[in-house]
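Start from chain C and add chain V according to the hints.
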Amino acid sequence: MPELPRLARLAVGLGVPPAWREAILGDLEEMLEVELAAGTPARQARRAVLREALASALDVERRAKDARLAHSDSRVAAASANATGCRLAADRGDPLLTAFLIDLRFALHRLTRAPGFTAVAVLTLALGIGCVTAFWSLFDAVLLRPLPFEEPERLVQLWGENVDSPGERSNSSYLNMLDVREGTTAFDDLAVFQTVFANLVAADTSPERLPTTYISDNFFDLLGLPMTHGRDLGPDDNRVGAPPVVVSGTALWRQRYGGDPGVLGRALRVDGVARTVVGVAPEASSFPAATDLWLPVSSFTGAQNRGIHNLRVIGRLASGVDLERAREETAAAASRLREAFPRENPQLGMRLEPLHESMLGSTRPRLWLVTGASFLLLLVVCANISSLLLERADRRRREIATRAALGAGRAQLIRGFLAESAVLAALGGLGGLGVAFWARGLLLEFGPALPRAVDSRLDLRTLGFAAATTAALGLLFALIPILHAGSRDLFQGLRAASTGASGRREARWRSVMVAAQVALATMLTLGAALLVESLRHLHSVDLGFEAEGVLTAELEIPVPWFSEEWPK
Amino acid sequence: MAELSKDLLLSDLEYAISLVLLRQGDQAYGVSIREDLARRAGRRVSLGAIYTTLDRLDKKGLVVSRAGDPTPRRGGRRKRLCGLTPAGERALAATWDAQQRLARGLEPQLSRFHQQRLPREAGDA
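Line by line, the protein sequences give chains C and V. Residue 4 is where the first sequence starts when you use the numbering used here, and the numbers rise one by one after that. Residue 310 is where the second sequence starts when you use the numbering used here, and the numbers rise one by one after that.
These aren't lab readings, by the way, just hints derived from the structure by calculation. Here the structure is a predicted model, which means the values were calculated and not measured. Cβ atoms here follow ideal geometry from the backbone N, Cα and C, with glycine treated the same way. Don't take each hint at face value.
As the list claims (entries may be wrong) - If you anchor each label on the Cβ, the simulated ranges turn out as follows:
| # | chain 1 | residue 1 | chain 2 | residue 2 | range |
| --- | --- | --- | --- | --- | --- |
| 1 | C | 401 | V | 411 | 43 to 53 Å |
| 2 | V | 320 | C | 112 | 32 to 42 Å |
| 3 | V | 320 | C | 21 | 37 to 47 Å |
Claimed, not checked - Some chain V residues judged to face chain C by a derived CB distance under 10 Å, without partners named:
| # | residue |
| --- | --- |
| 4 | 338 |
| 5 | 356 |
| 6 | 364 |
| 7 | 365 |
| 8 | 376 |
| 9 | 383 |
| 10 | 388 |
| 11 | 389 |
| 12 | 392 |
Just chain C, same shape as in the assembly (with noise of 0.2 Å):
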């Protein structure tokens, strides 16, 4: 007589409780010699059996979860509620959203029920994502961005120097550049600039010392950027005798004129010079530093004397010219211009470098570095809490293998981990940004300055970054509770939580997790420790004179002080 396929009977050894077990056995025997007695294929007679088989294994088995959970006691209802919820809310048709949100719901109180384990969790997670948030805020907006320029990509800086000896940088004169400009084909346009300080004298405040800039015409323009109010200074205005003007900057302007455009045609004296405010320069115009005052380079000291290198010189790339053709076109200009005037320009060369790249100068490596070292903080953080998470998961296993037998399907435990660790990733990243913004301003404040820094800010593509690393951990962290749980079969969980046998493995990891927390956390020490001992040396080289007790002062005169007309 055929037997029974060997799976049928292995199903309902499992599925079916031992009291019908034999019940079943035979009547699935029966059938099976009902088929072959009318019949059936032998092959066909065994597979239907089999059907029959699985299916009333699976039939016993939910039948039997739902009768127990009838009958079972609140509190135990309430922990298996998980599952059960979302299957009841699934089976009357509820949309995905309700069974999240009741995941959600627990998770926060299962996170409750664990306040240490919670607030710390949290609080790191907030510390790692802050700093990485603030150091890529800072990276995005000096590295990334690209300069807030029309067509940033064709501005180039001009830059002077030896063409015996070239790698050092120098300035230019403001007349070498006119004829640049007229002995080239190769730029749209060139201008002239230089920031210092310049005493502005108002009827109604008190003097004050304000960052100024001197600049060549069309300046503004030629970075593309449209002027707040007014106009830019012109070729007019730095013609020797020409009436004089100023700009003023947009913060200036809302400062003390409370952004009021009849500002343009006061006067404002600067430096002893009564001008007449032209225009108010563009809002976005940090470069080259934060200017409150702009005015024509005709009144900077020197500015007619071709052989004062003391203006930096910066150019807009003609359509359709690359650098090389315009190097080679400086190039050309340079050896004019030192041939034409070899005493104001004794070896004059002149090099062209992309403007974005003249900013940078040596801090992208730095940058870089401080940037990937806060990356490895964040290591170090998500190093920590994977092994909090370790032990919290050892330590819930017989909860969890209570909730597997009483109904939670692998689905459903995955899904409450998922909401657990998205809670927690979601508190730490809401914390991150309240670090990321304490820390931005700690940056700022006593960080190296670095150019375009203050163009910084924690706008939505730095959110954007925070909540992508927050996402990124919180699936992460979810997978140290699914895989512990997915490592062994829960059932046997509930017996070996008892006697601790399984912790071998849970403790291997952790060592491994400290390990690493341990050599991260040592290379960052060790960095900052060299960091600090290098600024230490910086100040203790020795002056050659005794510096203690002596101080120094600055005093800025303007420079028509010296001049006849000056009023003493």
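Then chain V, alone, in the frame of chain C:
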């Protein structure tokens, strides 16, 4: 009408199986119940579902079971023969009565729905 207790009214599958038990006397067992449900009501129920329901009825005191004789046909395993207890009979009657009263007056419509259903089904088969 006095309110019937929740326990007295049978669920859908409990009702169906109880009817089969009534019909088959105390010779009902897994395979026979399954066959009856399939033949008379067109319901395909697995043995597991049948036994779970029988177990539940047993716990409620509505059904008793005993072990039958082993037969070589079943590989030497015994049948589990089930029958209704008096309480089970009362529950069955109460459920039947409740169903009747709910459907009272609706027979014309119900048979019309059923007639409409038949031709389509014949076409499908």
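Going through the hints against the structure:
| no. | hint | in the structure |
| --- | --- | --- |
| 1 | C:401 - V:411: 43 to 53 Å | 48 Å, holds |
| 2 | V:320 - C:112: 32 to 42 Å | 33 Å, holds |
| 3 | V:320 - C:21: 37 to 47 Å | 25 Å, violated |
| 4 | 338 | 7 Å, holds |
| 5 | 356 | 4 Å, holds |
| 6 | 364 | 7 Å, holds |
| 7 | 365 | 6 Å, holds |
| 8 | 376 | 9 Å, holds |
| 9 | 383 | 4 Å, holds |
| 10 | 388 | 6 Å, holds |
| 11 | 389 | 4 Å, holds |
| 12 | 392 | 15 Å, violated |
In summary, the numbered hints that this structure violates are 3, 12.
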